[in-house]
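Asker: If you want the building blocks of each chain, they are given just below.
2 protein chains.
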Amino acid sequence: MYNKKMYQLGSNPSAIRDLFEYGKKRKQEIGDDAVFDFSLGNPSVPSPSIVNETLIDLITNTDSCMLHGYTSAVGDLKVRESIAEYLNKTYHTSVNSNLIYLTVGAAASLTISFNALVNPGDEIVVISPFFPEYKVFIEKSGAKLVITESNQETFMPDIDEIKKCINKNTKALLINYPNNPTGVMIDEESLKALCKLLKEKEIEYHHPIYLISDEPYRELLYNNKPYLFVTNYYDNSLVCYSFSKSLSLPGERIGYILVNPRCLNAEEVYFAVCGAGRSLGFVCAPALFQYMIPNCLGYTSDLSIYETNRDILYHELSSIGYEVVKPDGAFYLFVKALEKDAVKFCENAKKFELLLVPSDSFGCSGYIRISYCVDTSMIKRSLSSFKALYDSYKEV
Amino acid sequence: MYNKKMYQLGSNPSAIRDLFEYGKKRKQEIGDDAVFDFSLGNPSVPSPSIVNETLIDLITNTDSCMLHGYTSAVGDLKVRESIAEYLNKTYHTSVNSNLIYLTVGAAASLTISFNALVNPGDEIVVISPFFPEYKVFIEKSGAKLVITESNQETFMPDIDEIKKCINKNTKALLINYPNNPTGVMIDEESLKALCKLLKEKEIEYHHPIYLISDEPYRELLYNNKPYLFVTNYYDNSLVCYSFSKSLSLPGERIGYILVNPRCLNAEEVYFAVCGAGRSLGFVCAPALFQYMIPNCLGYTSDLSIYETNRDILYHELSSIGYEVVKPDGAFYLFVKALEKDAVKFCENAKKFELLLVPSDSFGCSGYIRISYCVDTSMIKRSLSSFKALYDSYKEV
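Chains as they are written, first to last, in my numbering: chain E, 1 to 396; chain U, 1001 to 1396.
A hint or two may mislead.
Each computed PhoX-like pair below joins lysine-lysine, with the alpha-carbon atoms no more than 25 Å apart [as the list claims (entries may be wrong)]:
#  : chain 1 : residue 1 : chain 2 : residue 2
1  : U       : Lys-1089  : U       : Lys-1078
2  : U       : Lys-1024  : U       : Lys-1387
3  : U       : Lys-1135  : U       : Lys-1089
4  : E       : Lys-168   : E       : Lys-199
5  : E       : Lys-4     : U       : Lys-1144
6  : U       : Lys-1225  : E       : Lys-199
7  : E       : Lys-168   : U       : Lys-1005
8  : E       : Lys-78    : U       : Lys-1027
9  : E       : Lys-135   : U       : Lys-1004
10 : E       : Lys-5     : U       : Lys-1144
11 : U       : Lys-1024  : E       : Lys-78
12 : E       : Lys-4     : U       : Lys-1089
13 : E       : Lys-326   : E       : Lys-336
14 : E       : Lys-27    : E       : Lys-350
15 : E       : Lys-350   : E       : Lys-387
Keep in mind that the hints were calculated from the coordinates and are not lab data.
Model the full structure from these sequences, guided by the hints.
Answerer: Laid out in structure tokens, this is it:
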């Protein structure tokens, strides 16, 4: 018969998707405005106008066979050159267009990287809370998923905990900042400590331990601090990027993998990336969206809307009495559940028409994730429900 | 270190790509017009105008967050409904939109199907000559590739040969008509005989043997015969489709998988497809190109150009003395090499600036593939080289 594991993955969509589907049904029952759906990380701010202007210009003024034809499997050279130039200028690094591989978005960036690196018996370490699909992608690549908890106060990596997880089988550590689901950005001290640990372990075990940085939220930072670009801190590193969130293009599937030129045998690692992409069935990233990139580098959707949403939710929920992790970026708020079992808490929240994701989905317990990539007006309307939910716990 | 198999696949691109790269270099040396590049299957005819018109209309008149946002993982419902309706009308079948899964093109359709079906120890049978990437995709899914030869006169499936290859481990048979590289379309008698054999073997081994039909060239048929749609002939069948060739959109990566509703446990097979797509990193097919589909179903690029190319090449090469397989469709011509070793023959052809792909790439020996998705003028200019190549063998 068919493959049972694949059947399981296909017939049990993520808890987040489940909640989103529940929300759609509920809205039909009681009206769109009466349901407060904070489930999905689907950008709510339009793409910057340069995106559609560039697409129309390309479609109108490029020869059809050129525009819609195959590009090189690694992506169009001029597009890769523009990305390298942009990254070098913006992050004061020295990446190389010949080590950039264009992908069909962040998920593909991750699966291709894992499949490029993993050999049987390898382990990949992730820090909880983490994006739930990491488990799916890592296990499909043949690696063992190893979970370590972040510091439960700051949600920074806990170096001592990570140290315990690294052994001779560790192939890679995966990080994601600004983080989904906490919104926290790693600070430089933590990043340096993490890299120091990995370097020590590389020497101890005589092989590279790759640091894979999943960066779809890189541009969604609200503190005006410079982004800490991983190639500047650690040699054996790969960046997995997507334009989904920065340009509000999650459905179009466009992103890239970058192999740090200072990686040991960087060119060989890059060839392994190419081979993984080839064998998983990624022929090239969508051509039209590749050609859009050079014009749109450095642009973002209007982030002030997300920032406004964050500020309202953070302040209002804190005032009500919720314990809220202050996010530096992304569009997620991580809030302590009012009972130990976050799943039960989220079930209870549904009575107040609040659709919140329990942190259990992200590999840790006791919290909920609020996606605030929604209309500001919905946030304002939802506040009385958050208050009523809070009060319902006081009464008990 | 990294995965060596992936490195091998990434650092050794296909012979076809190699030849294409050689062609680019050679053109720089002696001029574009002096090299006759028949290597790649990259459509040379523009997309029908409705494609770009629809894209511009969508971009201009759709809300940005709706247009560029995530679609359902299986693809937008209305798009899937339009495809089901079109297929049912065109092929007099009764497929179901809930069993259609939109993909990032044909390669993804295949890798997702293989990963959905394959368990350890399974075998997938392919009929040579076949598209070289089948080997890469099948082996990456964990299945064993089993090759059987087609009839060496007609290039139809050889039922007796296929029979010998099927055993208790056979999970699927993969077919591809019109065929790359021969251009041959299967006839109804052969298809029926093939399906009869598979049904007998299903009964013998008490499990489904899936017939996977890879159909990127479905609309590129020059004989005005109706296409033999596989769901009408065999229950446990899947169709892997791509709009790359019919609409000249190979770079945009858009296609679909269709599970036959008459498949045993069709819904479960479909869920396995969903799970495979999810775990390989295909979040959804590119949204803009999904929404383009309903308007463009039934349209094709101007196929008369390919037909003209076929006619010129078929008649002229036959007149010179070449033994040519008459193609019913696609844009490939399969020609007997003038020496036993087709690789050597193609090396020799380079002296006449003819870039031809040896059939060894397609799992059989003694032939060459000519991709005639090129300018008709290049074909005309190349004829004297084909003549000179032929004469060089007469002299020996």
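Asker: Determine for every hint whether it applies to the structure shown.
Answerer: The hints, checked one at a time:
1. U:Lys-1089 / U:Lys-1078: holds, 16 Å
2. U:Lys-1024 / U:Lys-1387: At roughly 23 Å apart (the allowed maximum being 25 Å), Lys-1387 (chain U) and Lys-1024 (chain U) satisfy the hint.
3. U:Lys-1135 / U:Lys-1089: Roughly 34 Å between the alpha carbons, so the hint for Lys-1135 (chain U) and Lys-1089 (chain U) is violated.
4. E:Lys-168 / E:Lys-199: holds, 13 Å
5. E:Lys-4 / U:Lys-1144: This hinted pair holds, its Cα atoms lying about 19 Å apart.
6. U:Lys-1225 / E:Lys-199: Outside the cut-off at roughly 65 Å; violated.
7. E:Lys-168 / U:Lys-1005: Status holds; Cα separation ~21 Å.
8. E:Lys-78 / U:Lys-1027: The hint holds at about 20 Å.
9. E:Lys-135 / U:Lys-1004: Holds, at about 23 Å.
10. E:Lys-5 / U:Lys-1144: holds, 19 Å
11. U:Lys-1024 / E:Lys-78: Distance of about 17 Å is within 25 Å: holds.
12. E:Lys-4 / U:Lys-1089: Distance of about 34 Å is beyond 25 Å: violated.
13. E:Lys-326 / E:Lys-336: holds, 12 Å
14. E:Lys-27 / E:Lys-350: Roughly 12 Å between the alpha carbons, so the hint for Lys-27 (chain E) and Lys-350 (chain E) holds.
15. E:Lys-350 / E:Lys-387: holds, 14 Å
When held up to the earlier numbered hints, the structure conflicts with 3, 6 and 12 and fits the remainder.
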